[in-house]
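Asker: Keeping their order, the protein sequence lines are chains A and B. Numbers 1 to 137, taken from this note's numbering, label the letters of the first sequence in order. Numbers 1 to 329, taken from this note's numbering, label the letters of the second sequence in order.
Calculated from the structure, these hints are not laboratory results. Ideal Cβ placement from N, Cα and C applies to all residues, glycine included. Incorrect hints may have been included.
[Said to hold, decoys possible] Cβ-Cβ distance ranges computed for the label pairs, FRET-style:
{"id": "1", "chain 1": "B", "residue 1": "Phe281", "chain 2": "A", "residue 2": "Arg123", "range": "42 to 50 Å"}
{"id": "2", "chain 1": "A", "residue 1": "Thr23", "chain 2": "B", "residue 2": "Ile110", "range": "29 to 37 Å"}
{"id": "3", "chain 1": "A", "residue 1": "Leu14", "chain 2": "B", "residue 2": "Lys308", "range": "44 to 52 Å"}
{"id": "4", "chain 1": "A", "residue 1": "Arg65", "chain 2": "B", "residue 2": "Ala72", "range": "50 to 58 Å"}
{"id": "5", "chain 1": "B", "residue 1": "Gln40", "chain 2": "A", "residue 2": "Ile71", "range": "33 to 41 Å"}
{"id": "6", "chain 1": "A", "residue 1": "Gln29", "chain 2": "B", "residue 2": "Ala282", "range": "27 to 35 Å"}
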Amino acid sequence: MPVLPLLKGLTLTLKRFFSRPITIQYPEQKKDLPNWRGIHYFAKNEKGETACVACGLCVAICPSRCISLEIAEGADGKRYPARYEIDALRCIFCGYCQEACPVNAIRLGGGYEYVHYRREDFRLNTDKLLTMYEVKK
Amino acid sequence: METIFWLIEAVVKNLLVISLLLLFVAYLTLVERKALGHIQVRPGPNRVGPFGLLQPIADGIKSFTKEDLIPAEADKPLFVIAPMICIFTALSMIAVVPFGPAFELFGRKIKLVVADIDIGLLYVFAMATLGEYGIVLGGWSSGNKYGVLGSLRAAAQMISYEVSLGLIVIGTIILAGSLRLTDIVEAQRSVWFVVYQPFAFILYLIAGLAEINRTPFDMPEAESELACGFNIEYSSIKFALFFMAEYAHMITVAAVATTLFLGGWHGPWLPGPVWFLIKVFALLFFFIWERGTFPRLRYDHIMKFGWKILFPLALLNVVVTALVVALVR
Numbered sequence: 001m002p003v004l005p006l007l008k009g010l011t012l013t014l015k016r017f018f019s020r021p022i023t024i025q026y027p028e029q030k031k032d033l034p035n036w037r038g039i040h041y042f043a044k045n046e047k048g049e050t051a052c053v054a055c056g057l058c059v060a061i062c063p064s065r066c067i068s069l070e071i072a073e074g075a076d077g078k079r080y081p082a083r084y085e086i087d088a089l090r091c092i093f094c095g096y097c098q099e100a101c102p103v104n105a106i107r108l109g110g111g112y113e114y115v116h117y118r119r120e121d122f123r124l125n126t127d128k129l130l131t132m133y134e135v136k137k
Numbered sequence: 001m002e003t004i005f006w007l008i009e010a011v012v013k014n015l016l017v018i019s020l021l022l023l024f025v026a027y028l029t030l031v032e033r034k035a036l037g038h039i040q041v042r043p044g045p046n047r048v049g050p051f052g053l054l055q056p057i058a059d060g061i062k063s064f065t066k067e068d069l070i071p072a073e074a075d076k077p078l079f080v081i082a083p084m085i086c087i088f089t090a091l092s093m094i095a096v097v098p099f100g101p102a103f104e105l106f107g108r109k110i111k112l113v114v115a116d117i118d119i120g121l122l123y124v125f126a127m128a129t130l131g132e133y134g135i136v137l138g139g140w141s142s143g144n145k146y147g148v149l150g151s152l153r154a155a156a157q158m159i160s161y162e163v164s165l166g167l168i169v170i171g172t173i174i175l176a177g178s179l180r181l182t183d184i185v186e187a188q189r190s191v192w193f194v195v196y197q198p199f200a201f202i203l204y205l206i207a208g209l210a211e212i213n214r215t216p217f218d219m220p221e222a223e224s225e226l227a228c229g230f231n232i233e234y235s236s237i238k239f240a241l242f243f244m245a246e247y248a249h250m251i252t253v254a255a256v257a258t259t260l261f262l263g264g265w266h267g268p269w270l271p272g273p274v275w276f277l278i279k280v281f282a283l284l285f286f287f288i289w290e291r292g293t294f295p296r297l298r299y300d301h302i303m304k305f306g307w308k309i310l311f312p313l314a315l316l317n318v319v320v321t322a323l324v325v326a327l328v329r
């Protein structure tokens, strides 16, 4: 009679019974995820505006083509994004835009709670991306 | 006057035992889910109330308010009556189990048992067998092939394991010389029968698990094979009744094991009922613990184990016990 393996199993489960549960109680406890590619945000320059120079590299590299950009030129001859929009529902969070950006303006944050009731709320324009910066910091 | 006192005593004891049993059934489900959770290194239900203590109440409200379906294919009277049979037998079985010593109250001797009948053990087994009819009829009357398969398995398992169960307890009957459960407990005043009958105790636990259709012998409701088996078509309170019956039956098996082998209410320092509950809960914890450990056996393995291993061992136990008792006395 193979009784010994049965007892071995029972001791194992008893040990587990007295060990601490590894569950993270989600809404109360949140886990910090290093290297997490979450929702985007814009870095700011010293004037508090977006650091984006509207070079269009992120638009070019985006595999899911979720970034749309309209380029404008300021009085000082610098380019800036007149309209910058990320469709977060199409985004696959690959992080290529972050890598392509020459001035490190567009970045992927650490947030993973990103839920809205309406589709429009998932369209991230410049203002929203700048607010995300505040949320992030 | 005597009749009135007798009536009051009976009613009070009935209400006390039934309500306590139902309370334990409700909280046993929570204890089981908690314990299984901790075995699987997770906390188990902890959202409803502090530590999930209100979970059984939430479950109860949920199952009461669900839609009560009777399939068109079902045999309606049997379909309705099956869960009633289950819960009735499961609740009435506990009546003969003594949970404390007799004491004097207002000049009356009160025994802490609902019905102290002289064929107590036979009554327990008769009721347990009757309870299986609920499962068999429930599966068969649902008009569902999984239900029928579950019923067939329940019937086969009942026949295989109740034979052994009946033989296993004969050892204790020989030692105590009575079928009355209070007498059996009294006979264990000095030494518990588990000392004389250790193998019978283990065999009783195994056969008892098969009797209450619990893992690793949960053939009639094998989730992964029969998609819930006999209770597949049941919903709402009928489903809940099946489960209450199963847990009540589980408590009864633990209580009978305590009475037969672990000396019932006997124990030092603490009062009788406390000792009885401690022993019952230790056994119940074992039932939950082993559920979290062992996988379900294959159907033919269960039959093979029942007839080729458990049955001969039970017979051997009877013969050896009878021989030793005959030689010593």
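Asker: All the hints need checking, so say for each whether the structure fits it.
Answerer: Against the structure, the hints come out as follows:
1. Roughly 59 Å separates the CB atoms of B/Phe281 and A/Arg123, a value that falls outside the hinted 42 to 50 Å.
2. The supplied range of 29 to 37 Å is broken by A/Thr23 and B/Ile110, whose beta-carbon atoms lie about 48 Å from each other.
3. Checked against the hint of 44 to 52 Å, the C-beta distance between A/Leu14 and B/Lys308 comes to roughly 30 Å, which is inconsistent with it.
4. Taken as a hint, the range 50 to 58 Å holds for the pair A/Arg65 and B/Ala72, whose Cβ atoms sit roughly 54 Å apart.
5. Taking the beta carbon of each, B/Gln40 and A/Ile71 are about 56 Å apart, not inside 33 to 41 Å as hinted.
6. At roughly 34 Å, the beta carbons of A/Gln29 and B/Ala282 sit within the given window of 27 to 35 Å.
The structure shown violates the earlier hints numbered 1, 2, 3, 5.
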